[in-house]
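Put the complex together from the two separate chains, hints included.
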Amino acid sequence: DQQVKQNSPSLSVQEGRISILNCDYTNSMFDYFLWYKKYPAEGPTFLISISSIKDKNEDGRFTVFLNKSAKHLSLHIVPSQPGDSAVYFCAAIPFGNEKLTFGTGTRLTIIP
Amino acid sequence: DSGVTQTPKHLITATGQRVTLRCSPRSGDLSVYWYQQSLDQGLQFLIQYYNGEERAKGNILERFSAQQFPDLHSELNLSSLELGDSALYFCASSVRGDTQYFGPGTRLTVL
Chain A
15 DQQVKQNSPS LSVQEGRISI LNCDYTNSMF DYFLWYKKYP AEGPTFLISI SSIKDKNEDG
75 RFTVFLNKSA KHLSLHIVPS QPGDSAVYFC AAIPFGNEKL TFGTGTRLTI IP
Chain B
10 DSGVTQTPKH LITATGQRVT LRCSPRSGDL SVYWYQQSLD QGLQFLIQYY NGEERAKGNI
70 LERFSAQQFP DLHSELNLSS LELGDSALYF CASSVRGDTQ YFGPGTRLTV L
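Same order as they appear, the protein sequences are chains A and B. When you line the first sequence up against the numbering used here, it's residues 15 to 126, in that order. When you line the second sequence up against the numbering used here, it's residues 10 to 120, in that order.
Some clues are possibly wrong.
To be verified - Calculated from the model, a selection of chain B residues having no Cβ within reach of chain A, i.e. all distances over 12 Å:
#1 T24
#2 Q26
#3 R31
#4 R72
#5 S74
#6 Q76
#7 H82
#8 E84
#9 N86
#10 L90
#11 S95
As the list claims (entries may be wrong) - Reference excerpt, derived from the structure (chain A facing chain B, CB under 7 Å, subset only):
#12 S63
#13 K113
#14 F116
To be verified - Computed Cβ-Cβ distance ranges for the label pairs, DEER-style:
#15 B:N86 <-> A:H86: 38 to 46 Å
#16 A:H90 <-> B:E63: 35 to 43 Å
#17 B:N60 <-> A:E29: 43 to 51 Å
#18 B:S89 <-> A:V92: 47 to 55 Å
#19 A:S83 <-> B:H82: 37 to 45 Å
Derived by calculation from the structure, the hints in this document are not laboratory data. Being a predicted model, the structure only gives us computed values, none of them experimental. Where a beta carbon is used, it is the ideal one built from N, C-alpha and C, also for glycine.
Excised from the complex, chain B in its bound form (with noise of 0.2 Å):
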């Protein structure tokens, strides 16, 4: 167990929706990462957060966008789904910007 949760685990949708992928990072870890991997792409870096502000931003879709709260959770909202968006999203966190601690990931399908 990394200590990175991410809900829901499973999320089946229809294009055309809006869906909220959330996050809860290690506790003390101040940044948090978005990843995604689909089926023929690997897992590809989609934005990062430290402290609620954004750091860095990764080949991230315009109907892609993420958030740090307060709390340091994080949430990745998914709007305009197609059906190349289907894969599974996974949230990593770190203290350090160095090794970054995975959650299980959220496999979300859009049929």
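Extracted from the complex, chain A is given alone in its bound form (with noise of 0.2 Å):
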């Protein structure tokens, strides 16, 4: 039962442009998401999180968008950058625990 989703397995994305990865969750109870990045071999580097009291949280060219209602989260990178290549893991935390619960990761790709 994958309680978070990320259905897109790769995305591919001018330099310059915007950069939108999607996540949906199943789990009511998920009260605090993060998104983490990620290079081969290595591990996951936090980028960004946002608890359910908000909708929005800006951290320099990264946003995380929530919609509790619709049970999905984004994460926006503006403007992309080469760099911004590689693997990212949206995750969440139920209330009350500490487990986090991944996505399967979404393959960013940014072309020059």
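Here it is in structure tokens:
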């Protein structure tokens, strides 16, 4: 039972344009969401997070949007840079728990 | 650099053997988490320790065990290894239980 889903295994975006990565979840108990970036053979690197009491959080080029009614979150990267090419994972933590549940990842390729 | 260290980086062993993976959390972090990433499974939570005590368990096999020591470093012990245990094992740490910071991982290959 995949509680966190990233339906796009891959995404290609031109350098300088906006990258939008999507994530859907099914567990209503999730109340904290995170995005991680991962290069091959390295550990996931934390990018940005959002609590369920917010619908938007920004940090530099990265913005995460949360739509609780749709159980959907997205990560926007503007402008996209070649160094952004990596696998992006969304993850969620349920209320009262600290266990991260990860999505399956989306491989983002930025085309120069 | 997340501040979380893991050793060894690579480990090659044979079926039936036992190995120990080590993790040192970020300075000040009391929680340590272990995750497994195999090719077809994505990142799966195994177990969490908080200040020396087991706090949460995920899909951890009975052949696997972990502990956290008084200096807060943690070890993940994998025994009676099978081919299917070949994977990347990540350790993460956090201070408040929300944002987890990951180490570089240990790649285990079971032959």
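The hints, checked one at a time:
1. With a minimum CB-CB distance of about 23 Å to chain A, T24 (chain B) clears the 12 Å threshold, and the non-interface call stands.
2. Remark: the non-interface label on Q26 (chain B) is consistent with the geometry, its nearest Cβ contact in chain A lying 23 Å away (cut-off 12 Å).
3. Every beta carbon of chain A lies more than 12 Å from that of R31 (chain B), the smallest distance being close to 15 Å; the non-interface claim holds.
4. A cut-off of 12 Å between C-beta atoms confirms that R72 (chain B) is not in contact with chain A; the least separation is 21 Å.
5. With a least CB separation of 18 Å from chain A, S74 (chain B) remains clear of the 12 Å interface cut-off, as annotated.
6. For Q76 (chain B), the condition that its CB be more than 12 Å from all CB atoms of chain A holds, with the nearest at approximately 18 Å.
7. Annotated as non-interface, H82 (chain B) keeps its C-beta farther than 12 Å from every C-beta of chain A; the closest such distance is 16 Å.
8. Against the 12 Å criterion, E84 (chain B) stays outside the reach of chain A, whose nearest CB is about 17 Å from its own CB.
9. With a closest Cβ-Cβ approach of about 20 Å to chain A, N86 (chain B) is found to remain outside the 12 Å limit, as its non-interface label requires.
10. Every beta carbon of chain A lies more than 12 Å from that of L90 (chain B), the smallest distance being close to 21 Å; the non-interface claim holds.
11. No beta-carbon of chain A is positioned within 12 Å of the beta-carbon of S95 (chain B); the least distance is around 14 Å.
12. Taking 7 Å as the C-beta cut-off, the interface hint given for S63 (chain A) holds, the closest approach to chain B being about 6 Å.
13. Given hint, K113 (chain A) at the interface with chain B, holds; its Cβ is 5 Å from that chain's nearest Cβ, closer than 7 Å.
14. The beta carbon of F116 (chain A) is positioned within 7 Å of a beta carbon in chain B (closest approach about 4 Å), and the interface hint is therefore held.
15. The supplied range of 38 to 46 Å is met by N86 (chain B) and H86 (chain A), whose beta-carbon atoms lie about 39 Å from each other.
16. Our hint of 35 to 43 Å for H90 (chain A) and E63 (chain B) holds, since their Cβ atoms are close to 38 Å apart.
17. For the hinted restraint 43 to 51 Å between N60 (chain B) and E29 (chain A), the CB-CB distance of approximately 45 Å keeps it satisfied.
18. For the hinted restraint 47 to 55 Å between S89 (chain B) and V92 (chain A), the CB-CB distance of approximately 50 Å keeps it satisfied.
19. At roughly 43 Å, the beta carbons of S83 (chain A) and H82 (chain B) sit within the given window of 37 to 45 Å.
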